[in-house]
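Residues per chain are reported as follows:
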Amino acid sequence: MGDKILMKGAEVIGEAAVKAGCRLFFGYPITPQNEAPAYMAKRLPEVGGTFVQAESEVAAINMLYGASAAGYRVMTSSSSPGISLMMEGISYCAGSELPVVIVNVMRGGPGLGGIGPSQSDYFQSTKGGGHGDYKMITLAPTNLQEQADLMKTAFDLADQYRIPVMVLSDGLLGQIMEAVEFTFDVDPASLPHKDWAADGRLNREKHLINSLDLDLDGLEHHNEKLQARYRTIEEKETLCEDYHTDDAKVCIVAYGTTARIAKTAVEMLREEGYKVGLFRPITLWPFPVENLKKAVNNPVTESFYVFELNAGQMLEDVQLVVNGQKPIRFFGRMGGNVPSPDEFVKKIKEIY
Amino acid sequence: MNEMKQIFKVTPLLSKTKRSYCPGCTHGVIHRLVCEVIEEMDQFENTVIVVPVGCSTLAIHYFEFDTVQAAHGRAPAVATGMKRAMPSKTIFTYQGDGDLASIGTAEVVHAATRGERITTIFVNNGIYGMTGGQMAPTTLEGWKTETSPYGRDLVKEGYPIRMCEMLSQLNGPAYIARTSVHTPANIVKTKKAIRKAFKAQRDNLGFALVEILSTCPTNWGMNPVDSLKRIENETMNYYPLGEFKSVEGL
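Going down the list, the sequences are from chains A and B. Position 344 (the first sequence) corresponds to 347 in my numbering; numbering is contiguous. Position 79 (the second sequence) corresponds to 1453 in my numbering; numbering is contiguous.
Hints were generated in silico from the structure; no laboratory data involved. What you were told as hints is all true, and nothing was included just to trick you.
Where chain B lies over chain A, by a calculated footprint (3+ residues, C-beta under 8 angstroms):
| hint | segment |
| --- | --- |
| 1 | 86-95 |
| 2 | 210-223 |
Far from chain B, by Cβ distances over 12 angstroms, these chain A residues were calculated:
| hint | residue |
| --- | --- |
| 3 | Q163 |
| 4 | P302 |
| 5 | G338 |
In silico lysine to any residue, SDA-like type, Cα no more than 20 angstroms apart, as pairs:
| hint | chain 1 | residue 1 | chain 2 | residue 2 |
| --- | --- | --- | --- | --- |
| 6 | A | K209 | B | L1388 |
| 7 | A | K209 | B | M1415 |
| 8 | B | K1392 | A | D218 |
| 9 | A | K239 | A | D159 |
Please read these numbers as outputs of a predicted model, since none were measured by experiment. C-beta: ideal position from N, C-alpha, C; glycine also.
Make a model of the complete structure from these sequences and hints.
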């Protein structure tokens, strides 16, 4: 602890999980996140943990379901097509109130798509993705330090709310190398025992981990309970960053990889005297609505520009908050293409 | 008057909840056998069952030990996660033929070949019960179901799948057996097989599965007695009883 280490993004995910007290990893190979399971396959036995290469992503997420039902911190890592296969299991985790951490190193789709960086799974992760009314906390790091820090946040929030949490990375944040400092080192034995876990009913009543309720009122009540929890999360757990938004005439809204490029663009534009800022959601669900509203209500801010690596997905959440009060423009790249800061600078200058 | 002596009692591992299984269904007998074995092996408070999707999803309320309900076909993967997290616990799945031999084929094959230290109770009645009598991968040739109304045609619908024969080809399993519960003698043999399957887990020998031939009077359109005869006369011809694999030391 305390030293900066140069690491690859996918390996940061693994080491941060170990330091967050996770000792169980189940996964299936898919590019561009293969370094994460490879790291865990080597690392977990060193700390008494277990790595299993599942026969599919479908099996992997259900192994998470089992290990979480047993009361343990558990995770998987995958990329877009693999995450689609996990959606059934994620819905079951949500229904059975099981804390699990899933990392999606997004690649371009639809279908098999490509292996370049993308943000085209925003809808899938923030709006549910699988069947039923449920939500998944979605955390979007913008650099490897944050990717490390958010792994711990992910496990903590998952346990606190008994909810699936997704760390939404992408092909760039999975593959680049940066210096990272691990500021935490959680001993799994120090974590509180989960008093709901199905771990053998020694000296207590039976525990049941279950998402089935054939009684209509019973299932409605269960849904109401989940929804109440989601409202609490929306109220308490939003994270975001304001970068030069106070005096911004144009406010960029971007997250993850796009935000780090946008930040450079803001710096370049400010050097030339353009008053441009960046609002960066870190939690994509819960979306930082109240914080964005401050930018909407800022009298000097005339318009918003949403940048994403997709055809406009977070754009819809921004539209809901801005609610027609100010113009919103959108620019997105797709297919795994990553724009340069110059492209953003050009876009801003066109409308400034 | 002679002194009364208790020679049988209902295992306390079965809950007192009212069962919703159909008359003549053999789930009740199989539930009891599993509970008796777990009780006799002193594993009551050390056991977690993973229940499937199908008729026996209702078993979430029928056992007194900890219970986890899995998605359709995924019970062996869920059990893998549980056992890897808690190697000292007794973990078993209870699955029907639609769950295990159709939608969950990949999960059971790979749990078996990895030699997961779990036990699987596989109840095969050759039909989907909960959804109302559709053709299963195990439905025999000529059997009429909701989705094979003219009788299963091997050319159109393919052949019934024999899971024990398949799984016993793998190196991971320690114990693979097929039994039946259509007569008292076979019920006794089934209990012995179940005990071996749990012993394989306790002794850390490998994956274990007992396939138990069962009935579905409701969806077969037969009374319970004729259903039991059908096992003897039809099912057992295609699904022979016996131990397909039993490693040394078991």
